Amino acid sequence: MKFRAKLVDAACLNNFTRVSNMIAKLAKTCTLRISPDKLNFVLSDKVANGGVSMWCELEQENFFSEFQMEGVSAENNAIYLELTSENLSRALKTAQNARALKIKLTNKHFPCLTVSVDLLSVSSSSRVVTHDIPVKVIPRKLWKDLQEPTVPDADVSIYLPVLKTMKSIVEKMKNISNHLIIEANLNGELNLKIETELVCVTTHFKDLGNPPLGLPKLCWKNVVEVDILILFLILEEMLSAFHR
Amino acid sequence: MLKCGMSGSQVKVFGKAIQALSRISDELWLDPSEKGLALRSVNSCRSAYGCVLFSPVFFQQYQWSTSVKTNDSDTISNLNCKLGMKSILPIFRCLNSLERNVEKCKIFTRSDKCKVVIQFFCRHGIKRIHNVCFQESQPLQVIFEKNMCSNTLVIQPRVLAEAIVLFTSSQEEVTLAVTPLNVCIKSANEESMDLTNSVYSEMFVGPDEFDFFQIGVDTEITFCFKELKGMLTFSEATHAPIAIHFDFPGKPMALSIDDMLLEANFILATLADEPSRASSPQSLYLSQKRKRSELIDSNSEAGKNVTSKDAEYISRKAVPKRLYSETRTNISSLENCGSPLTERANGDISEVPESSVSDTEEVPGSSYLRKFSCMFFGAVSSDQREHFNHPFHSLATASDSEEDVNNGSFSTF
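For the protein sequence lines, the chains are A and B, in the order given. Residue 244, in UniProt numbering, is where the first sequence stops; the numbers in between run on with no holes. Residue 413, in UniProt numbering, is where the second sequence stops; the numbers in between run on with no holes.
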C-alpha cells in the first residue's frame with residue numbers, strides 16, 4: 001500500500017484545512033478512504049438514537065498537484081485508514097503559511113500518515129515541520145460498511161436558504177426545544193418549526209428553488225422532525241467549511 | 001519592609017510574571033532585597049524553578065528596609081513571604097483592563113500582621129485594596145552557572161511560539177536537539193506514552209533564525225513543556241528575546257530574559273540519559289543516604305521548615321522509583337505533585353557534583369531507567385560559610401543573595 005500526495009496551492013490548502021476542521025468537530029475518529037481519483041472522509045456514527053453519518057468526497061485533482069496511490073491489491077485499489085480527526089486538523093493548522101504540504105503513508109513502527117510542511121518563515125529561511133499521525137489500516141472485510149450511502153428517493157427536494165440565516169435561526173430555536181420540524185414542498189417553501197407546551201415558533205421561507213426531481217409538482221408538504229442540536233452543528237460546520 | 005509603587009503598564013508586566021510563575025507551582029515567594037523585588041516559585045518535585053527579579057529601576061518607587069536581628073551571627077532577616085497563587089493570581093487577572101484603568105499600584109508589606117497589601121488607584125477615583133496573608137517561609141534559590149553552559153541560543157519569542165503550536169496540550173515533554181547546523185524541536189519519546197495514539201511532531205529551525213547561536217556540543221535534551229509556555233507568554237509581554245542555556249541531558253537548562261529593568265530565569269530539569277556514558281560528567285545518580293545527610297547537615301542552620309520538607313520528600317519518594325521501566329507508573333497517583341516529571345524524578349534529587357563523578361553509586365538494575373535530575377535547593381540562608389567550605393561544588397545550593405555576590409564565580413537568581 002502506498003500513498004503520496006503534494007499540495008502547493010494556498011487556496012487548496014486552505015480548503016483542505018477547513019474540511020478537516022469540519023470533520024474534527026463532528027466526530028472524534030473518522031475514516032479516510034484513498035482511491036486513485038478521490039479522497040473521502042467517512043463518519044459513520046451508528047448511534048441508536050439517531051446520530052450523524054457523513055460521507056465527504058474530494059476530487060483529488062482539485063486539491064493536489066501530485067497524487068500517487070497504490071491500494072491493497074489491483075482489484076481493490078483503495079486504502080481505508082482510521083484516524084483521530086483532530087490530529088489531522090491540528091497538523092494542517094500549523095501549515096498555514098506553507099510553501100508546500102506533503103502527505104504520505106509511512107510505517108514508523110506502526111502505520112502513520114506523515115504530514116510534512118515546508119514553511120516560509122519571516123526571516124526567509126525555510127523551516128520544515130513534520131507530523132506523524134498514527135493511523136489504523138482498516139481491513140478489507142470492513143469496507144462494506146464504509147461505502148457511499150445511497151440517498152433514498154426523495155419526495156421533496158429543496159434548496160436551503162442562505163446558510164448563515166438558517167444557522168442563526170436554528171441557533172435561537174435550539175434554546176427553546178430539542179426537536180425541530182422541517183416542512184418543505186415543491187413550490188419552494190420551507191418552514192422551520194418548534195413546538196413546546198408553552199410556545200410554537202415557525203419561520204417561513206419562500207421562493208427557494210427546487211432542484212429538478214422529475215416529479216409532478218404537487219402542493220403537498222413533507223414533514224420531517226430532526227434533532228436540532230445535530231442540525232445546528234452540521235450547519236455551523238458547513239458554514240465554516242465553505243463560507244468565505 | 002517592602003514598599004513599592006508602579007504604573008498601569010508596569011502592573012501588566014508584573015502580572016505577567018506572576019502568571020508565568022503560576023505555571024510552575026501554586027506558591028509564590030516575594031523576596032525583596034536591595035537588588036530589587038524577586039518573585040520566586042518552585043514546583044513540588046523540585047524539577048522547575050522560576051525567578052523574576054525586578055530591579056528597583058523598574059518601579060516608580062522602591063523602598064526596602066531590613067530589620068536587623070540582634071543576635072550573635074548578625075543575621076539580616078529577609079521578608080520570608082510565601083503567598084498562595086490562588087490568592088494572588090486573581091488579583092492580577094485581567095491584565096489588559098488593569099493596564100488601562102490602573103493609574104498607580106502600591107504594594108507594601110506588614111510583617112507584623114503577615115500581610116501583603118496591594119492597592120490599585122484606578123481611574124475615576126476608584127481605589128481597590130487587596131490584603132493577602134502570607135506564610136512565613138524562607139524562599140528557595142538556585143545557583144546555576146548559565147554562562148558555563150556549552151550551548152546557548154537566543155531566540156525571539158515569536159519563533160518559539162510557532163514551535164509551541166505544533167504540540168498538543170497533552171504533550172508533556174518536548175525534546176530540543178541541537179547540532180551546529182540546525183536545531184530541532186520535537187515531541188519527546190516517552191516510554192509510558194501510548195505511541196499508537198499520539199502524533200509525533202518535529203520542527204527544524206536554521207541557525208539564522210536565532211539572534212545568537214552557539215553550540216559547543218551536539219546534544220538532545222528533554223524537558224517539560226508546560227513551564228516553557230509560561231516563560232514564553234512572559235517574554236511576549238516584555239518583548240525581549242529568550243536565551244536558552246543548556247548542556248548535556250540531565251543537567252538543568254536555563255531559560256532567561258535579561259533586560260535593564262528585570263531579569264527572569266526559569267531553570268528546568270532535563271531528562272537524564274542512560275548511565276552508559278560513564279566517562280562524561282553526567283552523574284546524576286542519587287546516592288541517597290550520603291547525599292541526604294549532607295543536605296540536612298548543610299542546612300541545619302537554615303530555615304527548618306523547608307529543609308525538613310526536603311528530607312522528608314527524598315525519603316518518602318525514593319523507594320517506588322525503581323520499577324519505572326517495567327511498569328507504567330500511574331500518572332494519576334503522581335499528578336498531585338503538580339508535574340508529570342515526578343514519575344521519573346521521584347527521589348532523584350541530586351547535588352550534581354561534577355567533581356565527584358567517581359563517587360556516585362551505580363544504581364542497581366538501572367540499564368533501562370531514565371531519570372530526571374532534580375536541582376537541589378536550599379533555603380535562602382545567611383549562614384553561608386559552612387556551605388562554601390563544603391567539598392562539593394554543587395550545581396545548586398542554598399545561598400543568600402548578599403553573601404553570594406562576593407563569590408564571583410556563581411551567579412544567583
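Careful, some of the hints might be misleading.
Stated by the list, open to error - Only pairs whose alpha carbons sit at most 27 Å apart, straight line, appear in this in silico DSS-like list of lysine-lysine:
hint	chain 1	residue 1	chain 2	residue 2
1	B	Lys-146	B	Lys-106
2	A	Lys-93	B	Lys-146
3	A	Lys-174	A	Lys-164
4	A	Lys-164	A	Lys-141
5	B	Lys-3	B	Lys-127
6	A	Lys-25	B	Lys-3
Don't read these hints as lab results, they were simulated from the structure. Fair warning: this is a prediction, and the values are worked out from it, not measured in the lab.
Outcome of the hint check:
no., hint, verdict
1, Lys-146/B / Lys-106/B, "violated, 33 Å"
2, Lys-93/A / Lys-146/B, "violated, 36 Å"
3, Lys-174/A / Lys-164/A, "holds, 15 Å"
4, Lys-164/A / Lys-141/A, "violated, 41 Å"
5, Lys-3/B / Lys-127/B, "holds, 18 Å"
6, Lys-25/A / Lys-3/B, "violated, 52 Å"
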